[in-house]
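Based on the sequences and whatever the hints tell you, model everything.
Read top to bottom, the protein sequences are chains A and B. Using this note's numbering, the letters of the first sequence correspond one by one to residues 1 to 97. Using this note's numbering, the letters of the second sequence correspond one by one to residues 1 to 455.
Hints in this document: simulated from the structure, not taken from any laboratory. Hints are supplied without guarantee of correctness; some may be wrong.
Stated by the list, open to error - Here are the computed distance ranges between Cβ atoms for each label pair:
(1) 23(A) x 325(B): 33 to 41 Å
(2) 440(B) x 8(A): 47 to 55 Å
(3) 2(B) x 4(A): 46 to 54 Å
This structure is a prediction, so every number in the text was calculated from the model and none was measured. Virtual Cβ for every residue (Gly too), placed ideally from N, Cα, C.
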Amino acid sequence: MTDILLMIGVFVAAFVVGYLLISRVPQRLHTPLMSMTNAISAVTIIGALLLFAAAGDAVGRTLGALAVALATFNLVGGFAITHRMLKMFKGRDRRCS
Amino acid sequence: MNTAIQAVYLVAALLFILGLRRMSSPKSARTGIIWAGAGMAIAILITFLWPGMENYLLMIIAVVVGGGVSYVLGRRVAMTDMPQMVALFNGMGGGAAAAISAAELVRPELPSTDVLVLAVLGAIIGMVSFSGSLIAFAKLQGLIKRSVIFPGQNVINMLFLAAALVFGALLVAGVHTWWTVLGLFAASFLFGILMTLPIGGADMPVVISLYNALTGLAVGFEGYVLGNVAMIVAGTVVGSAGTLLTQLMAKAMNRSLGNVLFSGFGAQAGQAAAGAAGGAMKAIDVEDAAIQLAYAQRVVIVPGYGMAVAQAQHKVWGLTQYLQQQGVEVKFAIHPVAGRMPGHMNVLLAEAGVPYELIVDMEEINEDFANTDVAVVIGANDVVNPSARTDVSSPIYGMPILDVDKSHNVLVIKRGRGTGFAGVDNPLFVAENTRMLFGDAQAVVNDLVQVIKKM
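Structure (structure tokens):
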């Protein structure tokens with residue numbers, strides 16, 4: 001029971017932190033922000049890798065490999081485009097100052 | 001050992017939050033990705049130390065296949081294609097969460113009830129985000145050109161969602177067979193597809209941020225299933241961030257989320273409004289338009305999706321610089337839902353090198369239009385449609401718009417004479433002070449530059 005309460009507590013706390021954090025982001029950064037949260041959600045790769053620690057059958061291994069491949073796709077692409085976008089904001093700063 | 005690993009996961013979660021915190025200003029944003037990347041790196045590396053890890057070869061093959069394709073895509077794709085890339089990558093994240101859930105659900109022994117409920121919810125949400133994002137990708141990429149709308153669509157969609165929930169409930173109740181698991185995933189997959197098919201391009205900013213939020217939530221739920229704090233915190237934060245963005249986008253269109261998702265907006269509106277506005281569009285030739293711009297004092301440029309399609313952002317910045325040399329004060333006005341994702345236009349202008357001091361949000365610029373000599377609308381339509389202010393019967397009535405019609409002169413660069421994505425007639429185009437420049441945005445802006453250069 002305490003476990004469930006703790007879980008709900010963590011969920012609510014993280015949700016509120018995210019909400020407060022993002023409400024301060026200006027409109028011009030909304031695309032890189034979305035792209036970055038998208039890249040961060042690729043943290044699911046940990047879960048995908050952990051599937052390999054819990055010995056499974058062929059179906060489990062296949063699903064594990066699929067999960068790793070999809071999560072890596074999200075991870076690499078997400079960070080690559082976020083980096084490219086943020087780099088442009090850097091270039092602009094230099095020109096202005 | 002496990003406690004140490006969990007501690008590292010906690011640090012990773014903190015690094016994600018610190019990285020996102022840096023996004024609150026353009027100056028610090030650049031380093032935000034480094035913090036988030038560091039968090040991701042330590043979380044992944046420490047996972048390899050988890051006791052009982054095996055099958056490294058299979059793991060590495062999966063990483064190389066998934067990462068290789070995505071690296072090439074992520075590096076090569078044009079800035080104008082960012083919305084579909086975010087949709088694609090996000091869909092893959094949702095798919096990964098769903099696959100983890102599937103792996104948990106096909107084990108001979110199911111987890112305890114509370115964990116099982118979260119695994120089922122994560123499966124549904126992840127799967128919907130996966131198939132929905134893929135459809136959004138296909139639409140933005142131009143692979144699916146029409147919004148598919150048929151009678152009773154919402155009822156059928158709801159039946160698929162209900163079916164997914166029933167299969168989930170059966171699993172929780174202990175009916176652990178191959179058909180309950182398969183049914184759960186198939187119904188969720190189809191629901192995601194059917195839900196996204198009727199949604200028009202102009203509503204994509206809402207849809208993309210919604211699926212972003214859903215992937216986050218699915219990851220968070222799977223985090224609970226696996227007892228992994230990095231996934232719980234990161235997933236939930238992404239979920240709340242996406243929820244907030246979705247709300248902002250829906251608000252900027254003066255519509256509820258439900259209205260965006262279930263109204264099949266666009267198709268019906270087009271038939272109802274056709275031919276409603278009287279008057280004819282008045283064309284102008286490039287020379288006259290260029291003279292009007294060069295002798296103006298204040299010019300406001302309003303970019304829309306048409307600028308992205310024509311990849312005209314560099315030429316637009318070039319035009320701006322020539323006008324500045326003529327002593328014209330140029331600003332850019334950006335509507336929150338211009339383009340196909342939140343902040344889409346800002347990224348394109350940033351790519352072209354437009355300093356952000358010149359870029360003004362809707363609330364601030366609207367007072368200035370009365371003092372503006374020429375407003376230049378480049379491939380935007382619904383976000384500058386004055387009937388949103390005046391015409392109660394208009395499908396977009398009540399949506400906050402950029403009041404370009406209040407400026408002294410309006411130049412509209414537009415590909416053809418058709419209506420916008422929402423299929424709504426735009427009285428701005430036939431207004432007394434509006435002149436039309438028909439053609440591809442990049443070509444037209446280039447012609448304008450050529451004329452102004454010689455002045």
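So, going through the hints one by one against the coordinates:
1. Checked against the hint of 33 to 41 Å, the C-beta distance between residue 23(A) and residue 325(B) comes to roughly 40 Å, which is consistent with it.
2. For the pair residue 440(B) and residue 8(A), the beta carbons lie near 54 Å from each other, so the given range of 47 to 55 Å is met.
3. Taken as a hint, the range 46 to 54 Å is violated for the pair residue 2(B) and residue 4(A), whose Cβ atoms sit roughly 22 Å apart.
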